[in-house]
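With the hints as your guide, set chain C onto chain H.
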Amino acid sequence: MDPQTKRILIVDDDPNFGLALELLFAQNGYQVEVARSGEEALDRMDAFRPQILLVESRLPFRSGFEICQIVHARREWQPVRIILMTANERKPEAAKAAALGADAYLTKPFSTKELLETANKLLV
Amino acid sequence: MIPLHTGTGRQLPRFIAIGSIFLLLCAILAALWVELTTEEKLLLRRILDEHPALILTAGFLFPSAVVVALLWVFRHYIEPLGKLVDDVQVMNLVNPSHRLAGTGSTQVRQLSAAINRALDRIQDLQSHVDDEARNSRRQVEEEKAVLEALIQDFSEGVIVCNVEGQILLYNKRAREILTHEVEPGEPKPPAAGYVGLGRSVFGFIDRDLIVHALEMIDRSMRGGEARAMAHFVTKGSGGELLHVEATPVLAGPLEIRGTILLLRDISTQMGRDVRRDSLLESLTERLRSSLATVRTAVELLVDHPGMENGKRERLTRVIRDESFSLSEYLESHRGDHAEYFGRQWPLEEMLCNDVAAAVKQSAEQSLDIKMTLHPSIEQIFVRVDSFTMVQAMVHLTASMKSASGGTEFGIRPVRNESLASLDILWRGKPFPAATLREWEQSRIRIAGQEIPVTLAEVFKRHDAELWSGADPDGTHAYLRVVLPSYEVAGARSSWLPPSTLKSRPEFYDFDLFASSPGSLPLGERPLTEISFTAFDTETTGLRPSEGDEIVSIGGVRIVNGRMLREETFDQVIDPGRPISRESTEVHGIDDAMVQGQPDIKGVLPAFSRFAQDTVLVGHNAAFDMRFFQIKEDSTGVKLRMPVLDTILLSAVVHPHHEDHSIEGIAARLGVNIAGRHTALGDAIVTGELFLKLIPLLADKGIRTLGEALEASKKTYLARVKY
Chain H
12 MDPQTKRILI VDDDPNFGLA LELLFAQNGY QVEVARSGEE ALDRMDAFRP QILLVESRLP
72 FRSGFEICQI VHARREWQPV RIILMTANER KPEAAKAAAL GADAYLTKPF STKELLETAN
132 KLLV
Chain C
-14 MIPLHTGTGR QLPRFIAIGS IFLLLCAILA ALWVELTTEE KLLLRRILDE HPALILTAGF
46 LFPSAVVVAL LWVFRHYIEP LGKLVDDVQV MNLVNPSHRL AGTGSTQVRQ LSAAINRALD
106 RIQDLQSHVD DEARNSRRQV EEEKAVLEAL IQDFSEGVIV CNVEGQILLY NKRAREILTH
166 EVEPGEPKPP AAGYVGLGRS VFGFIDRDLI VHALEMIDRS MRGGEARAMA HFVTKGSGGE
226 LLHVEATPVL AGPLEIRGTI LLLRDISTQM GRDVRRDSLL ESLTERLRSS LATVRTAVEL
286 LVDHPGMENG KRERLTRVIR DESFSLSEYL ESHRGDHAEY FGRQWPLEEM LCNDVAAAVK
346 QSAEQSLDIK MTLHPSIEQI FVRVDSFTMV QAMVHLTASM KSASGGTEFG IRPVRNESLA
406 SLDILWRGKP FPAATLREWE QSRIRIAGQE IPVTLAEVFK RHDAELWSGA DPDGTHAYLR
466 VVLPSYEVAG ARSSWLPPST LKSRPEFYDF DLFASSPGSL PLGERPLTEI SFTAFDTETT
526 GLRPSEGDEI VSIGGVRIVN GRMLREETFD QVIDPGRPIS RESTEVHGID DAMVQGQPDI
586 KGVLPAFSRF AQDTVLVGHN AAFDMRFFQI KEDSTGVKLR MPVLDTILLS AVVHPHHEDH
646 SIEGIAARLG VNIAGRHTAL GDAIVTGELF LKLIPLLADK GIRTLGEALE ASKKTYLARV
706 KY
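In the order they appear, the protein sequences are chains H and C. All residue numbers for the first sequence refer to our numbering, where the first residue is 12 and numbers rise by one. All residue numbers for the second sequence refer to our numbering, where the first residue is -14 and numbers rise by one.
A portion of the hints provided could be inaccurate.
Claimed, not checked - Below 27 Å or equal to it, Euclidean Cα-Cα: the simulated DSSO-like pairs (lysine-lysine) are:
no., chain 1, residue 1, chain 2, residue 2
1, C, Lys445, H, Lys102
2, H, Lys124, H, Lys17
3, C, Lys698, C, Lys616
4, C, Lys157, C, Lys220
5, H, Lys124, C, Lys296
6, C, Lys414, C, Lys220
7, C, Lys414, H, Lys102
8, H, Lys17, C, Lys296
9, C, Lys355, C, Lys386
10, C, Lys616, C, Lys586
11, C, Lys699, C, Lys623
12, C, Lys685, C, Lys698
Everything labelled a hint here was simulated from the structure, so no lab data went into it.
This is chain H alone, in the form it adopts within the complex (with noise of 0.2 Å):
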């Protein structure tokens, strides 16, 4: 795997917005793996070893910050920065996503230039 690469684990169960974030990133230079729920992101993690994991925190079962707090937590993944996306733009919801271990928060709907920024930014 080559290191210079900048690879995304993107995590979200809505296809449509999958694809464009797929598109969006692999536009943009990125290495690109979509997984559609947490179980399947949690799978792939050893074998993608991406720097980014892009989550959308409301996954039907284990839920984006169980993903975060389990990714965190796992040295051997490390250094991977996540960014956890929302639809529901609450204060404490964003408290518990830093507390968990999220590098960036973002609220649904955000420009393709915001979400790349912050991503290219974690990667620095």
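Relative to the frame of chain H, chain C by itself:
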């Protein structure tokens, strides 16, 4: 003025007295004569022979003088004084305007005049006091009437109870809300129990909730809060949600004597709120998600004009799909939004420190743990439904205790900009999110009882989040509940010194506030302080053992010596057999009227609840009790409270009268009887007779229930058996 004694009565003792004195003088002379020796007797005889005037003097004039003197003393001193005593007695006991006649010697006349003057003054004062009392009583009655009218018109239920939970006041709405009271005459007695003066409110509203509310009020009053009240939500007997607002009734600055409860059925409101909240939430989420997709796709297309055709096509399809499905979503929920815009669910503003203190108190009481409070210095206000929030946190502590085995916890409110956290601290490691998720899905248990909400629901209600992490001190971990904090505008500027709290207008002097039920055994309590149920039944005939049945039961409550005509039991019963014409002529109930009415199995349990914690009063109660007794097995209802019988009590009071029928007693005691021979009508008359009998019994020294039962047993009528 009434002459009390005519001469003859007084003459007799005077003659006896004079006669006695005369005989006494004769006896002295006789004794002297016997003592003399023969020579002396001769000498005396000689002296008397020579001076006959001496005989006249010694034998007649001297005794006469003594008698005349005595008569004078009697007439002018002894007799007037005796009369005076009688007259004073009359004025004292019977006729306060009676005055002394002023006969006898000058001194006695002066004394009479002095007593008369004193009495005039006393009577004058007395009439002033009476006027005053009458006036203030009238004023109180007027105020009471205004208050009653006001309260009865409230659209909210109002209940005032003392600290023991005894109801001192209620309005019709409160009764409707709590008992689902149907229109009078409906064939079903209320299932939930009875709301009534002197009854306990705890049968309807959980004691813990009221105690919790009072603790909250007490705490905020001690904190100097002027507007001391508490809210909570509870489930009504029909499963509906009741919002209760509790305000204290204060005796002194910090002394709570009772509570005013305002009740509102918010089931509909609550349902609407929940619907609206979830609508709003799903709408927002839906919008945000779709917009995020569309925006990303559009921006991609704009920013990368040279993108290959296949990708472009996929992106445009994404945009079309998202726009379509969003339009469909909005279309399908059209109209819902406007409909569900209503009032916010009432949460109350509280200081985090108070919430924490309540959690500590409740957790230590129920969990056998120690919880240290680390209060925050600044005032952090949050909006909570304090009861469920506190119980949720206690529930969490219980889960932590059973998961970690720890028994020492801390609780710490912290402000973090616009958020407030309540941390539960313990020595050890944080809990993983998965464990917390499990806990959040569990239902809250309080004292072994599950309440039908999950932690997640409580937190959602409060817009709160829950997570666990390691405390910076390195040894502790925290479980954190974060919720929005609020600036309370002027929260402390409205401070009032606690002393002004007591100056509430007072309309009522509630006797029950002062009563302390259970302080004396029932038998030793005065009849005037016991709650009674006066009752009567109508039956198909006089022989319960030969198949006669009850066709109606009526009852009315008597509390604190007052008949409560609003609190009655009136139920027609299907006897399950034809009703003979003779009995229909007595009570007016025929076969058609009992159609569709409940049978005795449905009614006796309700009557038992109605009469709960009271003493039964019936006229010839043994007859009715016999009917109840025969039904014990089939209904499972055993009425075991003491029973008083107006026939027996009347016989105790008037043993020389023959007639102890309702009409007979009523005529003697001046009770007006109307509406007889319906069970309720007779119950009311019986209750009125009983109330009249109480003071007459007291005259005979019969004051307590025990004494009344004992006296009843002794009267000969008690031996009549049915």
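The hints, checked one at a time:
no.	hint	verdict
1	C:Lys445 with H:Lys102	holds, 13 Å
2	H:Lys124 with H:Lys17	holds, 17 Å
3	C:Lys698 with C:Lys616	holds, 25 Å
4	C:Lys157 with C:Lys220	holds, 19 Å
5	H:Lys124 with C:Lys296	holds, 19 Å
6	C:Lys414 with C:Lys220	violated, 38 Å
7	C:Lys414 with H:Lys102	holds, 26 Å
8	H:Lys17 with C:Lys296	holds, 21 Å
9	C:Lys355 with C:Lys386	holds, 11 Å
10	C:Lys616 with C:Lys586	holds, 8 Å
11	C:Lys699 with C:Lys623	holds, 25 Å
12	C:Lys685 with C:Lys698	holds, 15 Å
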